[in-house]
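Trainee: Now for the letters of each chain:
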Amino acid sequence: KAGVTQTPRYLIKTRGQQVTLSCSPISGHRSVSWYQQTPGQGLQFLFEYFSETQRNKGNFPGRFSGRQFSNSRSEMNVSTLELGDSALYLCASSLEGSGGHNEQFFGPGTRLTVL
Amino acid sequence: DQQVKQNSPSLSVQEGRISILNCDYTNSMFDYFLWYKKYPAEGPTFLISISSIKDKNEDGRFTVFLNKSAKHLSLHIVPSQPGDSAVYFCAASGRGTSYGKLTFGQGTILTVHP
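Those protein sequences? They're chains A and B, same order as listed.
End of the first sequence sits at 115 in the working numbering; the numbers just go up one at a time, nothing left out.
End of the second sequence sits at 114 in the working numbering; the numbers just go up one at a time, nothing left out.
Take the hints with a grain of salt, since some may be wrong.
Said to hold, decoys possible - Computed, partial: chain B to chain A, Cβ under 7 Å:
(1) F46
(2) S49
(3) Y99
(4) G100
(5) F104
(6) Q106
Claimed, not checked - List time: in silico DMTMM-like cross-link candidates among lysine to aspartate or glutamate, alpha-carbon distance up to 25 Å:
(7) A/K57 with B/D31
(8) B/K37 with A/E96
(9) B/K54 with A/E96
Claimed, not checked - Taking beta-carbon pairs under 7 Å as the criterion, some of the chain A residues facing chain B (in silico):
(10) G40
(11) F45
(12) E48
(13) R55
(14) L90
(15) F106
(16) G109
Since the hints were made in silico from the structure, they are not lab data.
Quick reminder that beta carbons are idealized off the backbone N, C-alpha and C, glycines included.
Modelling step: build the complete structure from the supplied sequences, incorporating the hints.
Mentor: Written as structure tokens, this is what we have:
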């Protein structure tokens, strides 16, 4: 079974631009979560989608948004990029995600650099 | 407020010996705990998990112990191998509406010397 895939793997943008990252979950997994990893803050939860609905959201500004498609693939968007948005963005999928009692499997991440 | 803490930033162990990685949590709503291993430029890899109804779970060389009263868990790796060198994260999730959310510790860098 193929793992979680994320595209692109690397991205360089300038301040003020917007960016869209893509995630394809493991086949059969319906829950997709997004995380941001930075040296200072560690791994921080952004949001989770299940059946095309956002069920949970972390403490990030509204510039961070996402969506999920009917095939469970997910995208996240960051608008009006700031230098502090430079990070590794990780996507994880799990079977159902209810109550968190499913192991999450992570993709390789997208390294975003904002100049 | 850091709800999951890994107080040791790094750990160095000799090949063949035991590695013990520790994790503390403060949120009593957490009832499921996981350990992940991460290499640079890769996503975290799931290792092992434990539910709060258990106090031990074992999978090959990896054993996780949970002490609910102390809000403490540990990961034991026996025997340690050089390929185990990586950053280890503990993570927790809770009851209710914490859909898809894992709360991570800051990680411990494990180095296993040949």
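Trainee: It remains to establish, for every hint, whether it holds in the given structure.
Mentor: Status of each hint after checking the structure:
Interface restraint check for B/F46: the shortest CB-CB distance to chain A comes to about 5 Å, inside 7 Å, so the restraint holds. For B/S49, the suggested interface contact is upheld, since its CB lies about 6 Å from the closest CB of chain A, less than 7 Å. Interface restraint check: B/Y99 against chain A, minimum CB-CB distance 4 Å, threshold 7 Å, status holds. At a threshold of 7 Å, the smallest CB-CB gap from B/G100 to chain A is about 3 Å, leaving the interface hint in force.
For B/F104, the shortest C-beta to C-beta distance to chain A is roughly 4 Å, which falls under 7 Å, so the interface hint holds. Evaluation of the B/Q106 hint against chain A yields a held restraint, the C-beta minimum of about 5 Å falling below 7 Å. Pair hint A/K57 plus B/D31 holds up; C-alpha atoms about 20 Å apart against a cutoff of 25 Å. Taking the CA atoms of B/K37 and A/E96, the gap is about 22 Å. The hint holds against a cut of 25 Å.
Between B/K54 and A/E96, the direct Cα distance comes to roughly 22 Å. Compliance with the 25 Å bound is thereby established for this hinted pair. The beta carbon of A/G40 comes no nearer than 10 Å to any beta carbon in chain B, farther than 7 Å, and the hint placing it at the interface is violated. At a threshold of 7 Å, the smallest CB-CB gap from A/F45 to chain B is about 5 Å, leaving the interface hint in force. Taken as an interface hint, A/E48 checks out: its beta carbon lies about 3 Å from the nearest beta carbon of chain B, inside 7 Å.
Hint status for A/R55 relative to chain B: holds, with the closest Cβ pair at about 4 Å, below 7 Å. Residue-level restraint check for A/L90 holds (minimum Cβ-Cβ distance to chain B is 5 Å; threshold 7 Å). At its closest, the beta carbon of A/F106 sits 3 Å from a beta carbon of chain B; the interface hint therefore holds under the 7 Å criterion. Given the 7 Å rule on beta carbons, the hint for A/G109 holds: about 5 Å separates it from the nearest Cβ of chain B.
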